[in-house]
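Taken in sequence, the protein lines are chains R and U.
Taking our numbering, the leading residue of the first sequence gets 1, the next gets one more, and so forth.
Taking our numbering, the leading residue of the second sequence gets 429, the next gets one more, and so forth.
The set of hints was computed from the structure by calculation and includes no laboratory data.
Keep in mind that the hints are not guaranteed to be accurate.
Per label pair, the in silico range of CB-to-CB distance [said to hold, decoys possible]:
hint, chain 1, residue 1, chain 2, residue 2, range
1, U, Val511, R, Asp345, 32 to 40 angstroms
2, R, Glu74, U, Glu449, 58 to 66 angstroms
3, R, Arg315, U, Arg898, 43 to 51 angstroms
4, U, His973, R, Glu191, 33 to 41 angstroms
5, R, Leu314, U, Thr928, 38 to 46 angstroms
Taking beta-carbon pairs under 8 angstroms as the criterion, some of the chain R residues facing chain U (in silico) [what the hints assert, rightly or not]:
hint, residue
6, Val91
7, Gln124
8, Gly127
9, Leu133
10, Arg138
11, Gly272
12, Trp294
13, Ser296
14, Gly305
15, Glu310
16, Leu314
17, Arg340
18, Gly344
19, Gly387
Being a predicted model, the structure only gives us computed values, none of them experimental.
We put the beta carbon where it would ideally sit given N, CA and C, even for glycine.
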Amino acid sequence: MTDDRTAPAAADAPWTCPFCPLLCDDRDAAAPGCAWAEAALAALAVPSTGARAGHARLHGQPVPREQALRVAAEWLHAARQPLVAGWGADVAAARALYPLACRIGAINDVTAGEPLAQALRAQQDRGGYTATLAEVRRHADLIVCVGSWPAERAPRLFERLLAGREAPPAIVVLGNSLGDGTDRPRSVTVEGRTAEVEWLAPGQDLPATAALLHLALTRPQRCADERLRSLAERLRAARYAVLVWEPGQLGAHAALVIERLQSLIGRLNLTGRAAGFPLGGAGGAATAQAVHTWLSGLPLRTQVGPRGLEHDALRLSTERLLADRAVDLLLWVGSFPDQRPPDGDRPRILLGPPALAHALGHESATVFLPVGTPGIDHAGHLVRCDGVVMLPLRALRHSTLPSVAETVNALLAEVQRLDAVAVTEVAA
Amino acid sequence: MTWTLLRGGRLHDPTNGIDGEVRDLAIRAGRLVDRPAEPPAEVIDASGCIVMAGGIDLHSHIGGGKVNLARMLLPEDHRDRMVGSNPCAVSDNPLELISCGHATPGTLATGYRYVQMGYTAAFEPAMLAANARQAHMEMGDTPILDHGAYVLLGNDEHFLQRLAEGAPPEEIRDLIGWTLHASKAMGIKVVNPAGISAFKYQQRKLDVDESHVHWGVTPRQVVQALARGLTDLGVPHPLHIHGSNLGVAGNIASTLATIDALEGLPAHLTHVQFHAYGLEGPKKFSSAALQLVEAVNARPQLSIDVGQILFGQTVTASGDTMRQHANAGLASPRKWIGADIECEAGCGVVPFRYQEKSYVNALQWAIGLEIFLSVRNPWQVVLTTDHPNGAPFTSYPHLIRLLMDRPFREEQLARLHPDVAANSALKDMKRELTLQEIAVMTRAAPAKLLGLSDRGHLGVGAAADIAVYRDDATDRERMFTTPEWVFKDGRVVAHAGRITATPVGGTHFVTPRFDDERDTGFAEALRQRMARNGSLHPQHLEIGHDELCACCRGGRLLPTACFEGAAS
Numbered sequence: 001m002t003d004d005r006t007a008p009a010a011a012d013a014p015w016t017c018p019f020c021p022l023l024c025d026d027r028d029a030a031a032p033g034c035a036w037a038e039a040a041l042a043a044l045a046v047p048s049t050g051a052r053a054g055h056a057r058l059h060g061q062p063v064p065r066e067q068a069l070r071v072a073a074e075w076l077h078a079a080r081q082p083l084v085a086g087w088g089a090d091v092a093a094a095r096a097l098y099p100l101a102c103r104i105g106a107i108n109d110v111t112a113g114e115p116l117a118q119a120l121r122a123q124q125d126r127g128g129y130t131a132t133l134a135e136v137r138r139h140a141d142l143i144v145c146v147g148s149w150p151a152e153r154a155p156r157l158f159e160r161l162l163a164g165r166e167a168p169p170a171i172v173v174l175g176n177s178l179g180d181g182t183d184r185p186r187s188v189t190v191e192g193r194t195a196e197v198e199w200l201a202p203g204q205d206l207p208a209t210a211a212l213l214h215l216a217l218t219r220p221q222r223c224a225d226e227r228l229r230s231l232a233e234r235l236r237a238a239r240y241a242v243l244v245w246e247p248g249q250l251g252a253h254a255a256l257v258i259e260r261l262q263s264l265i266g267r268l269n270l271t272g273r274a275a276g277f278p279l280g281g282a283g284g285a286a287t288a289q290a291v292h293t294w295l296s297g298l299p300l301r302t303q304v305g306p307r308g309l310e311h312d313a314l315r316l317s318t319e320r321l322l323a324d325r326a327v328d329l330l331l332w333v334g335s336f337p338d339q340r341p342p343d344g345d346r347p348r349i350l351l352g353p354p355a356l357a358h359a360l361g362h363e364s365a366t367v368f369l370p371v372g373t374p375g376i377d378h379a380g381h382l383v384r385c386d387g388v389v390m391l392p393l394r395a396l397r398h399s400t401l402p403s404v405a406e407t408v409n410a411l412l413a414e415v416q417r418l419d420a421v422a423v424t425e426v427a428a
Numbered sequence: 429m430t431w432t433l434l435r436g437g438r439l440h441d442p443t444n445g446i447d448g449e450v451r452d453l454a455i456r457a458g459r460l461v462d463r464p465a466e467p468p469a470e471v472i473d474a475s476g477c478i479v480m481a482g483g484i485d486l487h488s489h490i491g492g493g494k495v496n497l498a499r500m501l502l503p504e505d506h507r508d509r510m511v512g513s514n515p516c517a518v519s520d521n522p523l524e525l526i527s528c529g530h531a532t533p534g535t536l537a538t539g540y541r542y543v544q545m546g547y548t549a550a551f552e553p554a555m556l557a558a559n560a561r562q563a564h565m566e567m568g569d570t571p572i573l574d575h576g577a578y579v580l581l582g583n584d585e586h587f588l589q590r591l592a593e594g595a596p597p598e599e600i601r602d603l604i605g606w607t608l609h610a611s612k613a614m615g616i617k618v619v620n621p622a623g624i625s626a627f628k629y630q631q632r633k634l635d636v637d638e639s640h641v642h643w644g645v646t647p648r649q650v651v652q653a654l655a656r657g658l659t660d661l662g663v664p665h666p667l668h669i670h671g672s673n674l675g676v677a678g679n680i681a682s683t684l685a686t687i688d689a690l691e692g693l694p695a696h697l698t699h700v701q702f703h704a705y706g707l708e709g710p711k712k713f714s715s716a717a718l719q720l721v722e723a724v725n726a727r728p729q730l731s732i733d734v735g736q737i738l739f740g741q742t743v744t745a746s747g748d749t750m751r752q753h754a755n756a757g758l759a760s761p762r763k764w765i766g767a768d769i770e771c772e773a774g775c776g777v778v779p780f781r782y783q784e785k786s787y788v789n790a791l792q793w794a795i796g797l798e799i800f801l802s803v804r805n806p807w808q809v810v811l812t813t814d815h816p817n818g819a820p821f822t823s824y825p826h827l828i829r830l831l832m833d834r835p836f837r838e839e840q841l842a843r844l845h846p847d848v849a850a851n852s853a854l855k856d857m858k859r860e861l862t863l864q865e866i867a868v869m870t871r872a873a874p875a876k877l878l879g880l881s882d883r884g885h886l887g888v889g890a891a892a893d894i895a896v897y898r899d900d901a902t903d904r905e906r907m908f909t910t911p912e913w914v915f916k917d918g919r920v921v922a923h924a925g926r927i928t929a930t931p932v933g934g935t936h937f938v939t940p941r942f943d944d945e946r947d948t949g950f951a952e953a954l955r956q957r958m959a960r961n962g963s964l965h966p967q968h969l970e971i972g973h974d975e976l977c978a979c980c981r982g983g984r985l986l987p988t989a990c991f992e993g994a995a996s
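Starting from the given sequences, assemble the full structure and let the hints guide the process.
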């Protein structure tokens, strides 16, 4: 496996912030201008070299890394149905995890994979039309955020979308269950120009709202909600309308909402121009989805089974598999500071930043292997939320923490050695 | 140093004028060499076999975002074709990592299947600069095959704006050179010139002399500027053109106008089958293959690939949002993905099922074959299906048989929509392509068109990429499906259909000598302008050699020099 460690990172190269779906590369890490980035950097501001960078742990006790790797490999070798979950890292990690998953016959899913799976299912059912960040910035004259205020999880979103624009787009937020009212921003100001934010809270849940908006567009006389009729008219009149949504904020029926929004976009595109701008896939999820799909042909929530690859976006969720005790081992990867392993009582092999050692809970039947964070401890690549642009990451500091890719490759080598020993024993 | 003797094969090596002679080949250190004095370490018996250079696919969508979107869109393409609920069968070969799919297989499967057919290189024709890192990664994860890509230009806002403002040709030339350099591409492809951008401004159609509603430039101007710039830079592969009005009845007029716009400059017209439709007949949809071929026969500076369709389920993946949006109603199954991308490109993924009983599909099939069989000089034609748009690459052996075996072709023709079978010019075409002509269209010509001097032939000094097929005159499909031996850089990578080694393939790219220091700060100004239209830090627009190496899994970097004397 190739490791990204040596590339591309000249020390004077721009820093790409790996912490939210936007992957901003226009600010220095010393002054990211973003509360999220600051918090994540602070969480990772612990020693990253030598012994102080943290020890591997076995059943709650510090052990040499080689011992932890050996035990983890033994567990992987012996597991009957392992789950490889999390995938919270970079391209190199996903490239390393897939061959390991093939070797051990795993089921693969990301952390908090439900939004990713719901968005995928909507796509598999109907497809959709989207635009990338630069495209939205250039063309959108009406932006409608559906179901949430996306800047809560992508703080610099509107700055990125509005920078350099002479006439900012109209911004509307559509949804019911937003904040407590007091925090709702009424405007966003970028480069001294202010764009107003209109809030529109209809009386129904999101799937019904999306359906009514579609109705307001296609058969306005059937839609009693005057405000939705008016919004539909504005969407129709827009030069280029963009709907923004976060799959993770659309509730249990996210796939249904997304499908209806895409249907609306398709309708608008018959006579005008419109596109979606879904916001999600942070923490390596969009990256893992892309890499797993290109290597195997199928997206995550796929099982490497004896009959072949079986993909099931509903059945093969981490939460369901652990709750049902349908797996007998969890290998989990989460190299970003906000990522936590899922609940469950299965034996666990956990790869995370050293600070995670303090948040492991009950550590019986647990191997913990500290790893570096891409974009902090080592170089790498991540896919941005629009699924098109892949950004290079560079290391911010000298670190002796191994990357996820290096750690997984070491595990694979050890598993292969154990497999070979087993074959020899059978032959003897 | 030890060497391998490939003994007694019948060679088809058009580049070196060898047409079916029995000759031995000596392989040492990955290259074909003069026979050394010492005895070989290994002898492979190729008697009864046809020996050709490894196949080179010059236009196959194997890497990048839209192919991956197609994979995500179609989980059904990654199940068993017979029993749709079953997974695809797993190889029992421990060298193959599990990977599946028919029209859009995973990259791992793509590499294995190509090599099992005797191909050793494939080129992604529609890399977006914004997506170049991913494209290189996907190709790097396509085992064994060498690879490269053509980057899209001709629809980005910056280029169109500068063209509209009357930028001097040297600036356009340097923009092209910089784009090739930054994205590590092998050539430039233009897709629906100015049309992808026009679609973002609500335009639904753009003829060759029609103006872009915002920038006011025409596809003719775009094609001219790009073809001129590439010629000035000395890039071996000429402008790769996916023309205006793809799939539209009567689009032969656009295609001929595009050829006219070139004013004698070299160009490669891609998947021309989709651009050779007339308006004759009761359905106002007819073959214009002969008109197209007439234009190609008269212009030795032009080359084409066909984009043959074959019947069955596939998926079309294209940068041409304008045309994909128009065709989305024909999607089967009924779903599609579209995207407007980074003020430089677009993406449309529409699943398609070509049917024998459909008049239009049957005619498309016939048009493709008519083109293959009527171009006089095989060096101007490359065998493609525009994978996966016309059919998956795995159908090449079937296509080769259609071209080499007239009774087989007529048998197939008889099964089609009766109006096509009765009226097509194809039914009177007696030509059967020879093995030598197939060798031209599948290796020698693509290597020449890409400027790969040490690939696509079997001369001394060439890379030892070799396919050894057991001769089978009765069934060329069977013969080309499973070569007996496949060598990649001198190493046996497949034997009798089984992968025997999985080295990482190399990455081809050109190294144009463009002037980015014409006036101080030109390059920086260019980067800043590009960044303003995009969303990346200017320094992130360029992929360096080290990063390319990491993207491509440490495979060899294979830079191709441009013609000397260009770009003064």
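Status of the hints after comparison with the structure:
| no. | hint | result |
| --- | --- | --- |
| 1 | U:Val511 with R:Asp345: 32 to 40 angstroms | holds (37 angstroms) |
| 2 | R:Glu74 with U:Glu449: 58 to 66 angstroms | holds (59 angstroms) |
| 3 | R:Arg315 with U:Arg898: 43 to 51 angstroms | holds (45 angstroms) |
| 4 | U:His973 with R:Glu191: 33 to 41 angstroms | holds (37 angstroms) |
| 5 | R:Leu314 with U:Thr928: 38 to 46 angstroms | holds (40 angstroms) |
| 6 | Val91 | holds (6 angstroms) |
| 7 | Gln124 | holds (6 angstroms) |
| 8 | Gly127 | holds (4 angstroms) |
| 9 | Leu133 | holds (4 angstroms) |
| 10 | Arg138 | holds (5 angstroms) |
| 11 | Gly272 | holds (6 angstroms) |
| 12 | Trp294 | holds (5 angstroms) |
| 13 | Ser296 | holds (5 angstroms) |
| 14 | Gly305 | holds (7 angstroms) |
| 15 | Glu310 | holds (5 angstroms) |
| 16 | Leu314 | violated (12 angstroms) |
| 17 | Arg340 | violated (27 angstroms) |
| 18 | Gly344 | violated (26 angstroms) |
| 19 | Gly387 | holds (7 angstroms) |
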